[in-house]
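Given the structure of chain A, go ahead and fit chain B with the ligands onto it with the hints provided.
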Amino acid sequence: MGANTARLLSFQILARMIDVRQITKSTKEGVPILKGISFTVTKGEFVGILGPSGAGKTLTMRCLNGLTRPTSGEVLFTDHEHNLVNLTHARGRELRKARRQIGVIFQGFNLVKRLSAIDNVMIGQLGRINLLRSLVYGFTDDEARQALAVLEHLNVAHLAHRPVGSLSGGEQQRVAIARAIYQQPAVMLADEPIANLDPTNARKIMQILTPLAKEMPIIGVFHQPDLVMEFCTRIIALKEGVVVRDGDSKMTRSELVDLYGAELSEIEASQRILQPA
Amino acid sequence: MKQDTPWTYSGYRRRQTLRIWTIALVIGFCAYWAGVSCKVDVDALRTGLPKGIDFLGYLFPPDWTAFADMAMPALETILLAFLATIFGAFLSLFFGLAAASNIAPRWLRNLSRFLLATERSLPEIVILLLLISALGLGPFPGVIAMAFGCIGMLGRLFSDAIEEINPATLESIESVGARRWQVITYGVLPQVLPSLLANTIFRFEVNIRLSVLLGAVGAGGIGFQLYYSFQTLQYQRATTAILITLLLVFVSERLSDYVRKKLTLDARL
Ligand SMILES: Nc1ncnc2c1ncn2[C@@H]1O[C@H](COP(=O)(O)OP(=O)(O)OP(=O)(O)O)[C@@H](O)[C@H]1O
Ligand SMILES: [Mg+2]
Chain A
2 MGANTARLLS FQILARMIDV RQITKSTKEG VPILKGISFT VTKGEFVGIL GPSGAGKTLT
62 MRCLNGLTRP TSGEVLFTDH EHNLVNLTHA RGRELRKARR QIGVIFQGFN LVKRLSAIDN
122 VMIGQLGRIN LLRSLVYGFT DDEARQALAV LEHLNVAHLA HRPVGSLSGG EQQRVAIARA
182 IYQQPAVMLA DEPIANLDPT NARKIMQILT PLAKEMPIIG VFHQPDLVME FCTRIIALKE
242 GVVVRDGDSK MTRSELVDLY GAELSEIEAS QRILQPA
Chain B
373 MKQDTPWTYS GYRRRQTLRI WTIALVIGFC AYWAGVSCKV DVDALRTGLP KGIDFLGYLF
433 PPDWTAFADM AMPALETILL AFLATIFGAF LSLFFGLAAA SNIAPRWLRN LSRFLLATER
493 SLPEIVILLL LISALGLGPF PGVIAMAFGC IGMLGRLFSD AIEEINPATL ESIESVGARR
553 WQVITYGVLP QVLPSLLANT IFRFEVNIRL SVLLGAVGAG GIGFQLYYSF QTLQYQRATT
613 AILITLLLVF VSERLSDYVR KKLTLDARL
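Taken in sequence, the protein lines are chains A and B. The number in the working numbering is simply the position in the first sequence, starting from 1, with 1 added. The number in the working numbering is simply the position in the second sequence, starting from 1, with 372 added.
Chain A extracted, bound-state conformation (with noise of 0.2 Å):
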């Protein structure tokens, strides 16, 4: 109850960076997605989004980012000055000057596969360097040489000129990941950014990640309770396209099961199909 107050009463001293009113989404058939998502981001928070497979956690992020228009609601976004920019209607210049300052780490990191890691790292950039330089790959010696430091400090220095396709899974996420951070944004969106690393890579991402929310709030997406409990600073809780939880960074092993019970025995389903009859 008492970090329920602080969390409120800070709500009103720091700018609120995302507000999501109350989104919904369907597909073009009605059926509905997300029913009606509202939370509240605000500056030095890492936020984790836990959920079962399915429950619309993708989704709810694309909406954060203006690549899907719900079919209802808004999202809001405070930019780095201070200007109130709405996700839902932004076009064209508008969005594209509030998307610089929203990092997106995708599930499937979503790279060009064909350019080096060092060039897809700079590829975050884009949206402030000036155009016509941007078209002939003209990147500054200084620029590389951040882009460089970035990937060192996901130690994934030693693969920045080899082509992203021939990486493996993990060492593609982190690339992924160092776009982000070498895109400098004011909030950070990352959709399951530890889901391909082995256990102590994904441990070291966490602690990268960290530090980093309290210059940028993180919403990130994951499927590691253990972890998102023991570094984030929230735990926001997706079912069926709707917020069940938001509030601390502890969850009880009962709330888990509620959240995953579903899926647990979907799992148990399946391996009965694969038994011998």
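By construction, these hints were calculated from the structure, which means they are not laboratory data. Think of the CB as a built atom: it goes at the ideal place given N, C-alpha and C, for glycine as much as any other residue. Don't take each hint at face value.
[What the hints assert, rightly or not] Computed cross-link-like contacts, BS3-like style, restricted to lysine-lysine with a CA-CA straight-line distance of at most 27 Å:
1) Lys205(A) x Lys251(A)
2) Lys114(A) x Lys98(A)
3) Lys44(A) x Lys114(A)
4) Lys114(A) x Lys633(B)
5) Lys114(A) x Lys423(B)
6) Lys251(A) x Lys44(A)
[Said to hold, decoys possible] Sample of chain A residues with no beta-carbon within 10 Å of chain B, all distances over it, derived:
7) Thr72
8) His83
9) Leu85
10) Ala99
11) Asp120
12) Gln147
13) Gly170
14) Asn202
15) Thr211
16) Gln225
[Said to hold, decoys possible] Chain B regions said to be covered by chain A (calculated; three or more residues, Cβ under 8 Å):
17) 444-451
18) 552-563
Relative to the frame of chain A, chain B with the ligands by itself:
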């Protein structure tokens, strides 16, 4: 599919075999019918063949002294094909982008696809004859005709390659606030470049052949030498031109094969 008979592999194979035999029979019948209606005449072949072999005698030995005369025209043929390919590929890139549904708006895509299809249905020789009547004889109308001749094929191949790109990759570049031209230079071009170059080089090979043909109709080069030698009954000189043409086509084919293999070979372990 009927619900009551369960799916079996042998049943599936039987249906497949029946399908293949039906198709083979239909094609065989069509070929027979086409042969009859074109009056394929085996007798004419039997009497014509010795005459043809006799004629080969006039062609030999090749007139090697004409070789020096033909070096420049041969180079002209290569340059013609080269220029036309470069120019055509460049134009095709823009048409290819405009005809790709993941880059261009719908109306532009439909318009470009329509123009490309129109161009494809127009043989180069028609374009050349039109241009010759406008610009007169010479290599210039040849280059223009071949360059435009590329667009239909290359533009279509380029746009198909561009449409193959994973939309998530393009989206991820948009997500950093990049403009459309940046998405093209970073997301589209590197991904399609190998296939673009491979198709362009293949088209260069086609253009070498075409450039010989168009040369005969007045675009100059080795094609014109060939045509001129036949017209003036200098058959041995014509043989030299034929040999040079063969050499050109052969070398360009090997070259294009080699480069395409290099380009499309992915770095797999
Ligand atoms: N374009 C679409 N058309 C129809 N249904 C869609 C579409 N995109 C997403 N969905 C559905 O919306 C639901 C939520 O998808 P989403 O990708 O947000 O899940 P998620 O929570 O990120 O799951 P995961 O943990 O597996 O990544 C899924 O059931 C998915 O099938
Ligand atoms: Mg997801």
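Does the structure break any of the earlier hints, and which numbers would those be?
Hints 3, 5, 10, 11, 17 are the ones this structure does not satisfy, whereas the remaining hints hold.
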